[in-house]
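Q: Chain residues, written in single-letter form:
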Amino acid sequence: MHRPDLAIAAHDGQALPTDTCPADSPLAVRGLTVSYGEKPAVFSVDATFPARAMSAIIGPNGAGKSTFLKAALGVVPRLSGEVRVFGTPIEKARDRIAYVPQRASVDWDFPATVLDVVQMGLYRRVGLLGRMSGRMRALALDCLGRVGMADFAHRQIGQLSGGQQQRVFLARALAQDADLYLLDEPFAGVDAATERAIIDVLKGLRDAGKSVVAVHHDLSTVRGYFDHAFLINVRRMAEGPVETAFTAETLHATYGGRLATTQIDEVMLSGGAA
Amino acid sequence: MSAILDALLLGAGYNAALVALGAGLLGVAAGASGSFLFLRKRALISDAVAHATLPGVGLAFIVMVALGGDGRNLLGLLLGSALSAGAGLLLIEWIARRTRLPEDAAIGAVLGTFFGLGIVLLTVIQSLSAGRQAGLEGFLLGSTAGMLRADALVIAVGGTLAVALTWLMRRPMTLVAFDADYAAALGYDIRRIDLAMMALVMAVTVIGLKVVGLILIVAMLIIPAVTARFWTDRSGRLIWIAGGLGGVSGYLGAALSSAAPNMPTGPIIVLVAAGMFTLSLFLAPVRGVAAALLRRRRFQARVHRRQGLLALAHGEPIREPYTLRLLTRQGLIRPDGVATEAGRAQAARVLRDEHRWAKAREVHQDAGLSGRYDGLTPIEEVFTPDEIAEFDRRLGPPVIVGGAA
Ligand SMILES: Nc1ncnc2c1ncn2[C@@H]1O[C@H](COP(=O)(O)OP(=O)(O)OP(=O)(O)O)[C@@H](O)[C@H]1O
Ligand SMILES: [Mg+2]
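Protein chains in written order, with the working numbering: chain A, 1 to 274; chain B, 1 to 405.
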């Protein structure tokens, strides 16, 4: 549980927006700390993601971005801190969240077709004893159509390109028909056509009133794609609307020496043009 | 020979028939539940569980004799084996979680220790009950000699429960095996599901002790699943195919071994399963070795044909001997390398296809369709005639092949 004494001790030096998680945020965390072994991967992080918006989680490799998402979802245990999804604990909001894991986390030789994978997004709705009805099947096919993969429904998942696999994962999340979509690097290693297909779907979700939070690596597209930015490097480095939180200073602070000043200038220029 | 036939057709007596049916049912349960073990890549842990049953068997015997009962009571022995298998399993979990040792090291350590302890207990029992056979060695390699109706009933009930539990847990277990993080995000408790899977495996192991024996039960869990993988790309079907294969090998193996007295049952059942694995390895339609070889050869021929025809179309010489042989055999070129009438026509077609594909990739930005370009698939298999007509319109009049233009 959330221990206020710990949280306060951990917060010295960081400005706290509010002490408690606001109920209108689709995802808010306070004082979140996660560690594997004895080194914290995420340390005392606060974040409040806005509703009906596209938010980016940005930070260098090993900054704890995936860990942050997994802890928010309860996939990895948290050491301390509080997570609220639509103002309630995660267990009560499972059916309102869809998750797209980092592509590398899966066994691609697994005996499953594309349609089988998308139907996994329906397992909770179908339950242990329920039958995968024709209506459910049609729904899964429809989600595949939305990501342009309807023709591939009966392929084994290992026989797809990386971009196509990413689209299948997105279709599986769509099948859940959630209100909050958490995506871990949806654009990693995909070609331009797939990137456009995915971003169109995500923006469509936002315009339909859903909230999207994505781990994002390509700094040059942050301004074009996202409304809200959350910069993390073990600790929270910056958070807010992209215009104010995604700046040369905050990038310097987040990436340290890993990004040369010229690179940051480039990003700022290209971002401004987008 | 007729003895074997008799046995297969359940004509070898009531007891043999009972044993064969029991072994078949055990095979179904082992094959189906073993599929998840295979998919979760935890085959080895079942071997440790199986070996960890032995001290329980020995201790149960000693306790039952000490209490003045019959040490060979099957239910008592199975209860003992389940308890010690459970202890072994928890120990592996604990070692892997509390220390930085990888799970396979923990498995090796626990397997060896428990099996060693079991063998010592068995030896002690043998020397104590000097002269009188305790009959516990049957648990090592399986023995159906003297199997009772009650024993078969234990297998039948246990096996049916195991199959039912497999069916019930198929979706969560599939999810956990494919993508554990996603399963956890959906709210499934991974640890509980893994434990349920291991409990299932333990149950199958324990009821299979008498028939297959603890040394080979891991083969009954894994071989049917691996064999089934050759025949399907879908996990839902894999489970039932594995169950079927396991059932057939259990039944056949037990029937065969009853025709050859003094033969332990476990090894024969496993050999039957291994025979089906070998057949599948070579003959399965898509994943089998023969099919792969055939596919490779066909693919090679298509590539060479395509390259040769493109060379003809561009008026370039063909140097590859295999290509020359192939095109000559198909009557597309003369032995001196000059294209025949048919060859020129084919070359023109291939060139046209190539141009259409280039146009298709230019016009159709969507990777879903134009991404199927692999240099070999004819464009007619991917696009509709009206789409192709559109490409042709954009391409202009056909190019004349053969340098005549
Ligand atoms: N399962 C694990 N066991 C131990 N350490 C881990 C585990 N997963 C991550 N870590 C460590 O935690 C830190 C944060 O990892 P995380 O995967 O969250 O980073 P990330 O920001 O997502 O990086 P990337 O951009 O490479 O995906 C890293 O130092 C990593 O080595
Ligand atoms: Mg990551």
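To be clear, the hints were calculated from the coordinates, so they are not data collected in a lab.
Any given hint might turn out to be false.
Stated by the list, open to error - In silico SDA-like links for lysine to any residue, alpha-carbon gap of 25 Å or less:
#1 K41(B) / K92(A)
#2 K92(A) / R206(A)
#3 K203(A) / R146(A)
#4 K203(A) / L195(B)
As the list claims (entries may be wrong) - Covered by chain A, per the in silico footprint, the following chain B stretches (three or more residues, Cβ under 8 Å):
#5 183-191
#6 229-236
#7 288-296
The C-beta atom is built at its ideal place from N, Cα and C for all residues, glycine as well.
Q: Are the hints correct? Go through all of them and say.
A: Here is how each hint holds up against the structure:
A C-alpha spacing of about 32 Å is found between K41(B) and K92(A), which places the hinted pair above 25 Å, so the restraint is violated. Proximity of K92(A) to R206(A) is assessed by CA-CA distance (about 22 Å); at most 25 Å being required, the pair is judged to hold. With a CA separation close to 13 Å, the supplied pair K203(A) and R146(A) stays within the 25 Å bound. In summary, the hint linking K203(A) to L195(B) is not supported, as the alpha carbons are separated by about 41 Å, beyond the 25 Å threshold.
Chain A is given as covering the region 183-191 of chain B, and this holds because 4 residues of the stretch bring a CB closer than 8 Å to a CB of that chain, at least three being needed. Judged by the Cβ-Cβ criterion of 8 Å, the region 229-236 of chain B is covered by chain A as claimed, because 6 of its residues qualify and three suffice. Taking a C-beta to C-beta cut-off of 8 Å, the region 288-296 of chain B contributes 0 residues in contact with chain A, too few for the three needed, and the coverage statement is violated.
Going down the numbered hints, you'll see the structure goes against 1, 4 and 7, while the others check out.
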